[in-house]
Structures are given as structure tokens and as C-alpha cells.
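Quick mapping for you: the protein sequence lines, in order, are chains A and B.
Just so we're aligned, residue 1 is where the first sequence starts under the working numbering, counting upward by one.
Just so we're aligned, residue 1 is where the second sequence starts under the working numbering, counting upward by one.
There may be inaccurate statements among the hints.
Straight-line C-alpha distance at most 27 Å; calculated BS3-like pairs for lysine-lysine [what the hints assert, rightly or not]:
| id | chain 1 | residue 1 | chain 2 | residue 2 |
| --- | --- | --- | --- | --- |
| 1 | A | K212 | A | K243 |
| 2 | B | K472 | A | K275 |
| 3 | B | K435 | B | K404 |
| 4 | B | K435 | A | K435 |
Cβ-to-Cβ under 10 Å is the rule here; a few derived chain B residues that face chain A [to be verified]:
| id | residue |
| --- | --- |
| 5 | Q26 |
| 6 | E27 |
| 7 | R28 |
| 8 | I42 |
| 9 | Y46 |
| 10 | Q50 |
| 11 | A71 |
| 12 | M79 |
| 13 | I83 |
| 14 | R87 |
| 15 | R110 |
| 16 | Q213 |
| 17 | R471 |
| 18 | Q477 |
These aren't lab readings, by the way, just hints derived from the structure by calculation.
Beta carbons are placed, not taken as given, at the ideal position from N, Cα and C, and that holds for glycine.
2 protein chains.
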Amino acid sequence: MITNRDVHATMPYNTQETENNGEHMQERIAVIDLGSNTTRMIVVGYVAHQTFKLLDEVREAVRLAQGIDKAGNLSASAMARAINTMRLFHQMCQGIGVDRIIPVATSAVREATNREEFLARVQVEAGLDFRVLTAQEEAYYGYLGAVNTLNVYDGCVVDIGGGSTQISKVHQRLLQTSISRPIGAVRLTDRYIKSDPVSARHYKMLQTAIQKQFADVAWLPGHGGELAGIGGTIRAIAEIDQKLTRHPIDRVHGHVLTAERVYELVEMFKGMTVKQREDIPGLSRDRADIILAGSTILAEIMRSGQFTQISVSGQGLREGVFFEEFTRGSSALIHDIRSFSVYNLARMYNYEAVHSAKVRELALSLFDQLYPLHEYDNQTRELLGHAAILHDIGNAVNYYDHHKHGAYLIVNSPMQGFTHREVAILALLVRYHRKGDVSLDQYKSMLLPGDRVLVSRMAAILRLAEFLERRKNQVVQALTVEIGKTVRIVTISAGDSAVEVWDANRAAGLFRKAFGCDVDIV
Amino acid sequence: MITNRDVHATMPYNTQETENNGEHMQERIAVIDLGSNTTRMIVVGYVAHQTFKLLDEVREAVRLAQGIDKAGNLSASAMARAINTMRLFHQMCQGIGVDRIIPVATSAVREATNREEFLARVQVEAGLDFRVLTAQEEAYYGYLGAVNTLNVYDGCVVDIGGGSTQISKVHQRLLQTSISRPIGAVRLTDRYIKSDPVSARHYKMLQTAIQKQFADVAWLPGHGGELAGIGGTIRAIAEIDQKLTRHPIDRVHGHVLTAERVYELVEMFKGMTVKQREDIPGLSRDRADIILAGSTILAEIMRSGQFTQISVSGQGLREGVFFEEFTRGSSALIHDIRSFSVYNLARMYNYEAVHSAKVRELALSLFDQLYPLHEYDNQTRELLGHAAILHDIGNAVNYYDHHKHGAYLIVNSPMQGFTHREVAILALLVRYHRKGDVSLDQYKSMLLPGDRVLVSRMAAILRLAEFLERRKNQVVQALTVEIGKTVRIVTISAGDSAVEVWDANRAAGLFRKAFGCDVDIV
């Protein structure tokens with residue numbers, strides 16, 4: 001059993017500006033994950049402990065687990081498909097100029113009777129020396145991929161693959177224990193889905209088979225807590241939900257599904273033929289047949305564990321394997337994934353570190369001193385600070401409308417550890433940091449009732465802080481706030497701050513609206 | 001009179017990849033333009049002859065020409081406003097770390113009786129040593145800003161300012177002659193707009209006054225040809241038109257207005273009070289009073305010159321002054337502004353130069369050999385080549401959906417020399433270079449009837465070229481096309497191109513649809 005390395009080790013992640021941006025990563029690594037249904041390869045550029053960026057991804061539905069015979073042998077045609085794909089992936093790595101390839105195989109290979117024959121052929125014919133992960137390792141890397149990219153503190157991580165399913169129990173971000181069961185979307189489809197649409201009898205058999213697999217897991221029933229989900233089946237469910245609800249953020253990572261919604265979608269799949277499912281928006285054709293069995297596994301786990309919702313991860317085993325390399329020499333857990341993600345993004349767009357840090361400091365000082373007027377909690381304070389760091393990244397696109405470009409970049413970047421609501425708030429704060437009356441734009445459907453006021457007030461604070469740093473030279477060093485009928489902001493300056501005071505007063509309109517009182521900057 | 005330096009000098013602009021991106025420009029220059037209505041400052045980062053990027057811009061409605069007395073003196077309050085603003089701008093330059101400031105003044109200062117007194121005060125009180133441009137110089141720099149950023153080959157450039165209007169006659173991109181007249185949006189408002197809304201009598205007087213100013217310009221009546229427009233008045237008209245028509249590209253540069261549309265908008269302004277105009281979408285409040293006089297100047301010029309349309313420039317005098325620095329030592333005209341703009345953008349996002357050049361080469365080879373099937377002209381060929389250079393820039397945002405991010409970046413970048421229709425086509429080609437069925441998305445209203453087919457076919461060609469460079473290693477060196485019932489594309493490779501041939505065949509669906517015939521890549 002793999003244990004967690006010390007998560008409390010000194011934080012090694014550089015949050016200072018570095019010379020590296022996404023295109024000048026020092027190393028390139030490829031991770032190949034040969035699963036039962038799909039095989040995927042990611043190519044990541046990175047500077048260890050500092051920053052990383054996905055450079056390429058390729059996937060192929062090899063379906064290695066399809067047609068396994070009674071003796072447990074991979075079929076000749078499945079092996080041929082896999083070897084051919086692996087050869088192409090290997091050539092691709094050579095073409096792209098990858099420094100290192102880590103090929104890993106999971107349950108389909110692990111459990112195959114003819115596994116040695118297959119591995120030897122892949123070695124000779126495709127030049128790749130696969131590491132076959134144990135069920136425990138498979139669960140560990142999935143867990144690592146999830147906790148380094150989603151906020152999972154206490155709860156479970158579930159990974160539904162083509163041939164197996166892992167559930168990992170997480171306590172204070174640490175892996176407590178995990179189970180692996182030989183049920184997956186492909187395997188169960190092969191075995192139980194014998195009618196189209198599925199008959200009630202076959203479906204009942206499928207459900208019973210899944211329930212039996214978890215009957216001996218004492219900690220699962222009623223476990224509750226946070227649930228994170230990885231693997232193609234869960235990603236597909238999230239994509240379908242997003243398409244059907246016209247979700248305004250086009251990325252599954254961080255998407256939240258309630259248990260009811262999952263049950264609803266399973267019912268929908270159940271009533272359709274494979275052909276009908278091919279037209280479901282968001283579902284790729286090569287998953288139309290196996291989505292029913294896959295989603296039923298999830299539904300049964302959520303029911304048993306009494307999980308009220310699931311956070312979907314776009315990252316999983318492959319990323320877990322990558323994180324092990326990325327963090328080599330220290331804890332495999334990235335300490336504060338939200339800050340890490342924000343600074344990673346800021347560096348990517350060559351943000352001005354000193355200016356942004358000052359805007360953050362002034363904004364947080366305003367937040368703290370204005371507390372009696374807003375009473376927002378620490379989570380809001382944290383978002384304001386992150387928005388301050390990111391406020392100017394849109395300059396990389398175009399100075400004109402850089403507030404809009406910044407919002408676009410945030411919504412389209414892997415904002416790890418943030419829910420989509422939080423991503424939308426960050427984007428809106430950046431959108432309104434310079435000008436404009438706050439509107440919730442396309443994000444309205446994702447926000448909570450009080451968020452319009454929250455965004456207006458935080459944007460008003462950020463805007464004042466930004467204009468107090470108009471010349472980006474830290475002339476306004478600090479400020480004190482006097483709350484009266486008019487809010488008086490007294491700047492403490494290291495020189496002539498006439499430009500800043502002039503600009504901040506010009507930009508104070510939003511503050512007046514958001515806080516409903518006058519403001520005077522002196 | 002300033003003459004054009006030799007435009008046929010060797011092209012000095014580097015179109016190869018360099019180490020510089022937008023954030024690491026070697027020099028920073030500020031150009032301040034003290035006009036009659038507004039004063040603006042731009043800060044540009046640049047590497048001479050190679051690349052440049054706008055870093056900051058600030059504007060203030062100083063209205064220097066307001067309240068000039070009968071003796072032609074600038075008013076005390078106008079001078080005080082200007083000096084105060086200049087001091088703030090100067091401080092801002094110091095804060096931002098500008099290497100060099102070029103402050104220029106135009107007609108309001110040039111014609112002021114107390115000009116020397118004013119300049120001496122600006123020198124002492126704001127520390128800025130202004131160069132007062134002659135009317136000819138003013139016209140020249142405006143012309144330079146326009147021809148280096150818009151396609152103007154034969155025609156005129158008109159610059160309507162607060163205090164004066166210049167018209168430059170352009171032949172084969174060279175400045176032939178120019179006139180400057182002391183009529184501008186602020187000056188004419190002061191003098192003729194004595195009622196609100198304007199009375200028929202006052203408006204007639206305004207029109208007559210404008211017509212008189214151009215009565216002696218023999219070459220203007222019926223001149224025709226291309227018309228480019230610069231200055232705040234013309235930008236404002238474009239912004240209003242874009243808001244009213246929900247134009248899908250949010251940038252005035254490159255926007256085209258027909259003469260009819262200009263006359264229509266003038267009629268609209270004429271019927272409204274200043275207060276009513278304040279609510280016109282796209283019009284800033286501080287221009288609501290002067291837009292009528294300003295737009296009437298444009299309408300009279302278009303009528304007299306029989307120009308059927310005007311291309312709006314977002315760049316003008318300030319950029320002209322900057323271009324003189326940028327091109328110092330060679331022709332002040334950038335040779336091929338479209339290519340320059342494309343490579344400037346590609347470098348900004350650290351494009352992979354060798355890969356992009358190969359995709360371009362393969363795409364153009366396909367275009368040429370498939371000519372009998374499509375018969376598109378050279379302009380389409382040029383767009384295909386530019387799209388090939390830009391196809392991967394969206395990777396800078398996120399590998400996932402990088403085709404969409406690339407389209408976003410193109411639409412939001414200063415694509416100089418391209419009409420908005422061409423920008424939309426480039427964006428769509430990049431959008432569909434990897435996958436998806438071609439849809440014209442939000443750009444439909446800007447495209448011509450045949451553009452759906454054009455975009456589909458060019459995207460199909462670009463997609464094949466991209467997949468023939470799947471590993472980005474130039475293994476497919478060239479190709480020949482055999483046109484029969486099935487189009488056969490025979491690749492000429494420098495090694496094993498199995499990956500590319502496999503991928504290109506997988507990606508050939510769009511080609512089949514767009515060209516209505518089968519394709520086989522071997």
C-alpha cells in the first residue's frame with residue numbers, strides 16, 4: 001500500500017515570478033494510460049515544483065477489455081489495436097520531442113491471463129516498457145490527480161474505468177484506504193447489457209451485480225462528505241449535463257452534479273437505445289453503448305454512500321502519475337492548490353508581480369477595514385485577493401478591453417480547486433476591475449442569490465485598489481479607512497500620489513452604488 | 001512638406017520567430033497628443049523594425065480649444081486643465097518606466113495667440129517640451145498611422161479633430177498632398193450650435209461653413225477611391241453603429257461604414273438634444289454635444305468626394321508618430337501590413353514557427369493543386385496561409401479547446417490591414433482547424449453569401465495540412481494531389497509517416513462534406 005508522504009513538509013511551490021511561461025517549460029513528459037476502454041496520452045511541459053502546462057493530449061478508443069475469452073485472455077484483435085496505437089503514440093512522442101515517457105497499464109492488462117505475452121509484444125513492437133499498476137496504485141494515482149486539482153478534504157474519490165472501479169477514502173486530504181473492484185463500464189456492458197434498450201430484468205441483474213461488489217465495504221454505506229469523481233464515464237455525464245443545461249463554462253473539471261441529477265440521467269440513458277443515445281449532446285459516439293453501465297455504477301455508489309453531490313475531475317490517474325514526477329523530492333500533495341493555480345496562471349501571462357501584489361494588499365486592507373459595511377467571510381476575502389493577482393492578465397491579449405480578455409482567460413483556464421461559481425466570481429471581478437456597471441452576464445445561472453451584491457462590492461474595492469496603483473509604482477503604500485456618513489480613505493504615500501488620488505476618485509462611482517454611501521479619497 | 005521616404009526599400013521587418021513576446025519589449029515609448037478636445041497618451045513597447053504592443057493608454061477631455069477669446073488666446077481655465085493633465089501624464093510615464101516621451105501638440109496650440117506663453121508654462125510646470133506640429137505634419141502623421149494599419153492604396157485619409165480637419169490624398173500608399181482646415185468638432189460646436197436640438201437655420205449655417213472650407217480644393221469633388229477615417233469623432237460614429245447593429249467584433253479599427261449609414265446617423269444626432277444623445281449606446285458623455293458638428297464635417301466630405309464608404313481607423317496621429325520611431329532608418333511604411341500583423345500576433349503567443357510554416361506550405365500546396373475543384377482567388381489563398389500561421393496560438397490559453405481560444409485571440413487582436421469580414425474568416429478557419437462541423441457562429445451577419453462554402457473548404461484544407469503535421473516534425477515534406485472520382489493525396493515523406501496518414505484520414509470527414517467528394521491519403 002502506498003502511503004502519503006508528509007503533506008506538512010515545507011511548501012516548495014514557488015509563488016514568485018519566474019522567467020518561465022507556458023511555452024518555455026524546461027522538461028516535457030508524456031504519460032500514457034492504457035485502460036480497458038480508452039487509452040490516452042498527455043504531454044505536459046513543466047518546471048519541477050513550480051509550474052506546468054498541458055501541451056498535447058491524444059486519445060483512442062482501443063477497448064482492450066472487449067472480447068476477453070473465458071480463460072481471461074485478451075483477444076488477438078484487441079491486442080493488435082493496442083499495439084498499433086502504442087506504436088503511433090511512441091512515434092508521436094519522438095516527433096514532439098518528449099524527454100521522458102511513462103506508460104502505465106491498469107486492470108485490463110493486470111488481470112489478463114496472457115498479460116506477459118502482451119507486454120512482451122508491446123515492448124518489442126511498440127518500444128514501450130509498461131508499468132502495470134496494482135489496484136492500490138491505480139487508486140492512489142487517481143486520488144493524487146483529484147486532490148491536487150479539486151478541493152477534497154474529507155470524503156471519497158471514485159474512479160470508474162472501463163474494467164474496474166476504485167473508491168478511495170480521504171481524510172484531511174490524506175488517503176486512508178482504497179478498494180478496487182473488477183467492474184467497469186465496458187466489462188459490465190459486455191456482461192449484462194443484452195437487450196437494447198435494456199430490459200428491466202437485465203438492468204436489475206446489473207444493479208445487483210454492482211451492489212454485491214460493495215457489500216463487504218463496511219465504511220461505504222452512509223459515508224457522506226465530499227465526493228470527487230474521475231474517469232471517462234463521469235466526465236461524460238458532466239458533459240451531458242452541461243450541454244443539456246447550457247452551462248456557461250465549457251469545462252468539466254470542477255463541475256458539480258447533485259445525486260438527483262445523476263439518478264435522472266441514468267433513467268434517461270436506460271430508456272434509450274444505443275442509437276438514440278448517440279444523439280445525446282455531449283456524449284461521444286464511442287461511449288453511447290457503455291454509458292448506461294458506467295453511470296449505474298456511479299449511481300449505486302452515491303446511493304450507498306449517501307453522497308449528496310459529486311465534484312467532477314477532468315484530471316485523474318495520468319495527472320496523478322505526472323504529479324509524482326512534478327513534486328519529486330517533497331510531498332506529493334500541492335499545499336494550497338488554489339493559490340498555486342492562480343500564480344501558475346498569472347506567470348503564464350507574464351503578470352506584473354510587484355504591481356499585482358500591491359493591488360492585492362490595498363484591496364485586502366480595504367476589505368478588512370470596510371468589514372462593518374459588508375461582513376463577508378474569509379472565502380470572499382480569498383477570492384478578492386486572487387482576483388487582484390489576476391486582474392491584468394488580459395493585457396497579454398490586448399490592452400484594449402483587457403478586463404474582458406482577463407475574464408475570458410480565467411474562465412478558460414484550468415482553475416484548479418475552484419468551483420465554477422468561484423471561477424465565475426473571479427472572472428466577474430476581473431471583468432469589472434476597471435470600468436462598467438456590474439452585470440452578471442452569462443454567469444447568472446451559476447451564481448447564488450446574494451452574489452450580485454457580493455460581486456459589485458468586491459469589484460468596487462478592487463477598482464479603488466487598482467486606481468490607487470495607477471502608475472504601478474507603489475506610491476500609495478497603505479491606507480486607512482474612516483467610516484462615517486461618507487467613507488474617507490486616507491492614503492499613506494511615499495511621494496506625490498496626485499495621479500492616484502485623482503484617478504481613484506474618478507473611479508469611485510461603483511463604490512457609491514455598491515455600498516450605498518459616498519466615498520472620498522484623500 | 002514632408003515627403004515619403006522610399007517605400008520600396010528592402011523590407012526590414014522580421015517575420016521569423018524571435019525571442020521577444022509582448023511583455024519583454026526592449027523599449028517603451030510614450031506619445032502624448034494634446035488636441036483641441038481630448039488629450040491622449042499611448043505607451044508602446046517595441047523592438048524597432050520587429051514587433052510592438054500597446055501597453056497603456058489614457059485619455060482626458062481637456063478641451064483646450066474651448067473658450068478661446070476673440071484675440072485667439074487659450075483661456076486661463078483651459079490652460080490650467082491642460083497643464084494639470086500634462087503633469088499627471090508625465091508622472092505616469094515616470095511611474096510606468098517609459099524610456100522616452102514624445103509630446104506633440106496640434107491645431108489648438110499651433111493657432112493660439114498666446115502659444116509661447118502656454119508652451120513655456122507646460123515646460124516649467126509639467127516638465128514636457130512639446131513639439132508643435134505644422135498642419136502638414138499633423139496630416140502626415142495621421143496618414144502614416146492609417147496606411148500602416150489599414151489597407152489604403154488609392155484614396156484619401158480624413159482626420160477630424162476637435163479644432164481642425166485634415167484630408168490627405170493617397171496614391172499607391174504614398175502621400176500626394178494634404179490640406180488642413182481650422183474646422184473641428186469642438187470649434188464648430190462653439191461657433192454654430194446655438195440651439196438644442198439644433199435649429200434648421202443654425203444647422204444650415206454649419207453646413208455652409210464646412211462647404212466653404214473645402215470650396216477651393218479642386219481634387220476633392222468626386223475624388224472617390226478608398227477613404228480611411230481617423231480621430232475621435234469618426235471612432236465614435238463607428239462605435240455607435242456597432243452598438244446599434246450588434247456588430248459581433250468589438251473593435252472600431254477596420255470597421256466599414258457606408259455613406260448612407262453616415263448620413264443616417266447625422267440625421268439621428270440632429271433630431272436629438274444633447275441630453276438625449278447622452279444615452280446613445282457607444283457614445284461617451286463628453287462627446288454628446290460635439291458629435292453633431294463632427295459627424296457633419298464627415299458627411300460633407302463624403303458627399304463632396306463621392307466616397308461610397310469609409311474604413312475606420314482606431315489609430316491615428318499618435319501611432320503615426322510612433323511608427324516614425326519604430327521604422328527609423330528605413331521606409332516609414334510597413335511593407336506588407338497584413339503579414340506583419342499576423343507574424344506579430346503569432347510571435348506574441350510563442351507560436352511554433354517551423355511547424356506553422358510547414359502547415360502553411362502543405363495547405364497552400366493543397367490549395368493550388370485542388371484549384372480546379374474550388375477556383376478561389378489569391379485573396380482567399382492569402383487568408384488560408386495566414387490562418388495556417390495562426391492556427392495554434394490558442395495553446396497559449398489552454399490546450400483544451402485551443403482552436404476556440406485561437407479564434408478568440410484573433411478577433412480580439414489588432415488585425416491590421418484586415419477588414420472585419422476577413423478577421424471573421426481567419427477566426428473561423430482557426431476555430432475549425434481541428435474538429436467540428438463548420439458553423440458561421442456569431443459572425444454570420446458580417447459574411448458574404450458564399451462564405452460558408454469558402455470557410456468549409458479552406459478549413460478542410462487546413463485540417464488536412466495540420467494532421468499531416470501531427471507530430472510537428474515535418475515528416476511529410478510535400479504532397480501531390482490526383483483529382484479523380486476520389487481525390488488521392490500522395491504524401492512524400494522523410495520517414496515513417498504512418499501517424500500522420502492515419503490521423504489525416506481520420507480528419508478527412510470535413511473535406512468530404514466541403515468538396516462533395518471522397519478523399520484518400522496515402
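Evaluated hints:
Under the criterion of a C-alpha separation no larger than 27 Å, the hint pairing A/K212 with A/K243 is inconsistent with the structure, at around 33 Å. A threshold of 27 Å between alpha carbons decides the hint, and for B/K472 with A/K275 the separation of about 37 Å lies outside it, so the pair is violated. Distance restraint check for B/K435 and B/K404: the Cα-Cα separation of roughly 10 Å lies within the 27 Å cut-off, and the hinted pair is therefore satisfied. Pair hint B/K435 plus A/K435 does not hold up; C-alpha atoms about 37 Å apart against a cutoff of 27 Å.
With a least beta-carbon distance of about 15 Å to chain A, the hint placing B/Q26 at the interface is violated under the 10 Å criterion. Nearest Cβ of chain A to the Cβ of B/E27: about 17 Å, over the 10 Å cut. The hint is violated. Interface restraint check for B/R28: the shortest CB-CB distance to chain A comes to about 12 Å, outside 10 Å, so the restraint is violated. For the restraint placing B/I42 at the interface with chain A, the shortest Cβ-Cβ distance is roughly 9 Å, inside the 10 Å limit, so the hint holds.
Interface hint at B/Y46: violated, since its Cβ lies 13 Å from the closest Cβ of chain A, which is beyond the 10 Å cut-off. Using the Cβ-Cβ criterion of 10 Å, the hint placing B/Q50 at the interface with chain A is not satisfied: the shortest such distance is roughly 18 Å. Violation of the interface hint for B/A71 is found here, the shortest Cβ-Cβ separation to chain A being roughly 32 Å, above the 10 Å cut-off. Interface hint at B/M79: violated, since its Cβ lies 18 Å from the closest Cβ of chain A, which is beyond the 10 Å cut-off.
Given hint, B/I83 at the interface with chain A, is violated; its Cβ is 13 Å from that chain's nearest Cβ, farther than 10 Å. Interface restraint check for B/R87: the shortest CB-CB distance to chain A comes to about 8 Å, inside 10 Å, so the restraint holds. A distance limit of 10 Å between C-beta atoms decides the matter here; for B/R110 the minimum to chain A is near 28 Å, and the interface restraint is violated. Among the interface hints, the one on B/Q213 is violated; its C-beta lies about 33 Å from the nearest C-beta in chain A, farther than the 10 Å criterion.
This hint holds: B/R471 has a C-beta 3 Å from the nearest C-beta of chain A, less than the 10 Å allowed. Evaluation of the B/Q477 hint against chain A yields a violated restraint, the C-beta minimum of about 14 Å exceeding 10 Å.
Figure legend: structure checked against the earlier numbered hints; hints not met, in rising order: 1, 2, 4, 5, 6, 7, 9, 10, 11, 12, 13, 15, 16 and 18.
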